[in-house]
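Chemist: Listed below are the residues making up each chain.
2 protein chains.
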Amino acid sequence: MYRFKPELRIPGPVPVPSEVSLQMAKPVINHRGAVFKEKFPKVLSRLQGLFETKNPIYMITGSGTSGMEAAVSNLVSPGTPVLCLVGGFFGKRWADLCAAYKAEVHTLEFPWDRAVDPDQVKDFLADHPQIELVFMVQNESSTAVLNDVEAVSQARGDHQALLVVDAVSALGGTPCQMDARGLDVVVSASQKCLMTPPGTAFIALSERARAYMEKVESSRYYFDLRKYEQFMDKGETPFTPNIHNVFALEEALMMMEAEGLDNVYARHMLMRDMMRAGARALDLELLVSDADASPTVTAVKLPQADEFRQRIREKYGVEFAGGQGIHAGQIFRVGHMGYATPLDVLTSLAVLEIELKKLGKAVEAAERVLTAR
Amino acid sequence: MYRFKPELRIPGPVPVPSEVSLQMAKPVINHRGAVFKEKFPKVLSRLQGLFETKNPIYMITGSGTSGMEAAVSNLVSPGTPVLCLVGGFFGKRWADLCAAYKAEVHTLEFPWDRAVDPDQVKDFLADHPQIELVFMVQNESSTAVLNDVEAVSQARGDHQALLVVDAVSALGGTPCQMDARGLDVVVSASQKCLMTPPGTAFIALSERARAYMEKVESSRYYFDLRKYEQFMDKGETPFTPNIHNVFALEEALMMMEAEGLDNVYARHMLMRDMMRAGARALDLELLVSDADASPTVTAVKLPQADEFRQRIREKYGVEFAGGQGIHAGQIFRVGHMGYATPLDVLTSLAVLEIELKKLGKAVEAAERVLTAR
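Protein chains in written order, with this note's numbering: chain U, 31 to 403; chain F, 31 to 403.
Honestly, I wouldn't trust all of these hints.
As the list makes no split between identical chains, a pair holds if one copy fits it or if it spans any two.
What the hints assert, rightly or not - Calculated cross-link-like contacts (lysine-lysine; reagent style DSS-like; alpha-carbon spacing at most 25 Å):
1) K67 x K264
2) K122 x K264
3) K331 x K391
4) K56 x K69
5) K84 x K72
6) K122 x K152
7) K345 x K264
8) K345 x K67
9) K69 x K35
10) K56 x K345
11) K69 x K264
12) K345 x K69
13) K67 x K35
14) K257 x K122
Calculated from the structure, these hints are not laboratory results. Since we're looking at a predicted model, the values are computed, not measured.
Can you build the whole structure from these sequences, using the hints too?
Modeler: Dropping the structure here:
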C-alpha cells in the first residue's frame, strides 16, 4: 500500500497548526503568577473581538458541553419556562440540559435537515409571553445546518425572552456579531474553528443576562459564573485553568487576526461552496439546501455511509464523520473548519471521486468555484 | 544579574517531564476513532493501578474542582445529611459544594495546622446515624497536612456513611489503596503528582457508591457519571475529552510505573523529610507537626511571607506558594510533588538559606537526611 497521511476531516476536534501545537508543549507556569495574569486578559480581549462584543467572556476548563451547562445552570431555576429550538442533536442537548435543571421545557421541533424557522418562533413567543429564555444552535453540526441567529433574535420583537446561542462549531467559521445581533448568551469552545485542541469552553453574557443570572436559584459551583467574575479582575480563573489551551488559543487567535476575520469567514464560505459543487458533480445528494447550508461542515446522503467512510479511511487516511441520531448510517459529514483550506476540500473530494470511480469530476467542479472567486 | 531558570515549586500545577510535554504537542485525533478507543481504556487501567482499585474510573475534562463537583452532584440530593471534615481550604470547598447542592451540611472543624481526628469522627457518627456521606481531603495542600484516610474509613465502623476523598494533591505522592482502605469515592486530577498539565479530573466509585448514585436526585448533565459509564464500554467519553491530557497522562503513568510506585512514594517522603530538616536548620517554624506532615508540600511560617516569596522569585527564579484563607501572608508553601527530586529540594533550601544569610546550613541538614537513607 502507498502511504497516506492521517487527514482529520470531521466537524471537530480539527487539526491545529504546528505553531499552536507547540504552545501545548510549553512549560507549566503558575496559574496565579505574573505571566499568566498578564496573558489571560489579553486572550479574553482577543476572544471579545471574535465574539464582536463588549461583554465579558468567561473561560471554563471543560468540553463544549460544559459551556452549555454553564449557560443553563446560571440561567435556569426550577420551573423557569424556556423554549428550545430543536432541529438536530445539539438543539436536543439544550432541551436535555434544561430538563436536567428542571425547567418548564417547551420545544419547537424542526426537520433534521432544515434551519429553524424564525416565523414559528415569533408566533410561539406571541402565544407564550411567559417564556424567559430561548435556546438555539447557530451551527447544528449534526445536520450541517446554519441557523439564522439574527432572524431569531429579531423575531423576539419586544418579547422579554433572553436568547442563548450554542456557537460551538460556528464561532470563527461565521460571524458572531453578538452585540449587533442582540444575542444575550453565546457559548463556544476551543476545538472547532478556533484551531486549538479540546479542553476549554467560553461563554459571554450580555448585561441583561448578567442581571438575570443574579436571581437564578440552581445548584452550581464549578460553573457559577459569579465566581469567574470575581477572579477575572485579577486576571485569573477561580479553578486551575487549562494553561496550555490559553497559550495555544492566543497563538491561534493571532493567526486568525493576521489572516483577517473577514477572510477567515470568506474562506469557510468558499470551502462550503466547493464541497457542495463537488458533491453534486458526483451525483451525491446533499442533506441540506443551499439556503440553510453550514459553512463549516457538509452532510452527504449515502446508503451504507459508515462502510463507505471506513473504506475511505483505510485506503486514503481521510477521516469523515458519520451521522448522529436519526441520520446514523444514512449520511457522512465532511468537516471544513478551522485550520482547513480549499486544497483540503479538493482532497476530500478526490477520495470521494476515486472511490466512486468518477475521476476528476468533483475536483474540477470545485476548482471552478475556486477560480470564479 | 545572573540568569536563573524559572523553577516552579508550588503545590500544583507542577513542572512536567519533557517527554510528557511533547505528548501535548501531538496531532489532534478523532476522539471517537480507533486510536483513541484503543488508548483510552489502557490509560484508565493504568489509573486503576495507581488508585489501587478494581472500580471503574471516570475521566472528566475540567479542573480538580470539576471532579469534586462530579462527586457531590452524583451523590447529594437536596436534604441529604452529610458530614464534611474541614481543616483547610479544600475541606471547606467540600462543605461549600454540598451547600450548593442543598445538602443538610454538618461539619467537624479542625485547626488549620492539624490532621483530622478520627476519634471525633467516630463520636460524631455514633451520635448522627442519619449521615449518608462523609467528605474529607487526603492531602490538604492549603495547610500541608496529610490526613489519615484509612483511620477515618475505619472510624466509621458499621455506620452506613460512604466516604468521599479528595486526593487531588495526594494521588501519586502517597499510597491511595482505595479498595484496601474501603474508600467509596476518590477524586483526583492531572496537574499534581501525576506530572501532567492541568485539564483533566478523575473519579472512582465503589460498587456501593455506584448503587447509591442511582437514586440521587440532583440537577446534573456534564457531570452525570451514568453518561460516562455508558460511553466507557466503547472506550469513549460522552463529551469531547482533553485528548492531549490523555496522551500526556499515559506517558507520565508509564514513567511512574518504570520508577516503581513504592519508589515514587518513598521519594516523596524523602523530599518531605529533607525539606523539614533543612527548614529547621534555618530556625524556621514549620506549620505542621511531623506526625501530620504532607509528603507533597511543606508549609513554613514567616512574617511578611509574601514579600519574602517575591524577593526569592525575582532574585533566583524560584516560585513558592503563599498561604490561603487564615494563613494568607503568614506562611509560604514549598511544593515537592510529581516531577520533583531531592536535588530540587536542595535548591529550594539553598535560596532560603542564601536569602536568610545562613549559608550551607539547610542544605547540609537535608543532605544528611538524604545520605542516611
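Chemist: Look at each hint and say if it fits the structure.
Modeler: Hints, verified against the model:
no.	hint	result
1	K67 x K264	within (7 Å within a copy, 40 Å between copies)
2	K122 x K264	between (37 Å within a copy, 22 Å between copies)
3	K331 x K391	within (18 Å within a copy, 75 Å between copies)
4	K56 x K69	both (14 Å within a copy, 24 Å between copies)
5	K84 x K72	within (14 Å within a copy, 45 Å between copies)
6	K122 x K152	within (20 Å within a copy, 47 Å between copies)
7	K345 x K264	between (52 Å within a copy, 24 Å between copies)
8	K345 x K67	between (48 Å within a copy, 20 Å between copies)
9	K69 x K35	between (35 Å within a copy, 20 Å between copies)
10	K56 x K345	between (35 Å within a copy, 23 Å between copies)
11	K69 x K264	within (12 Å within a copy, 39 Å between copies)
12	K345 x K69	between (44 Å within a copy, 22 Å between copies)
13	K67 x K35	between (39 Å within a copy, 20 Å between copies)
14	K257 x K122	between (28 Å within a copy, 16 Å between copies)
The structure agrees with every numbered hint stated previously.
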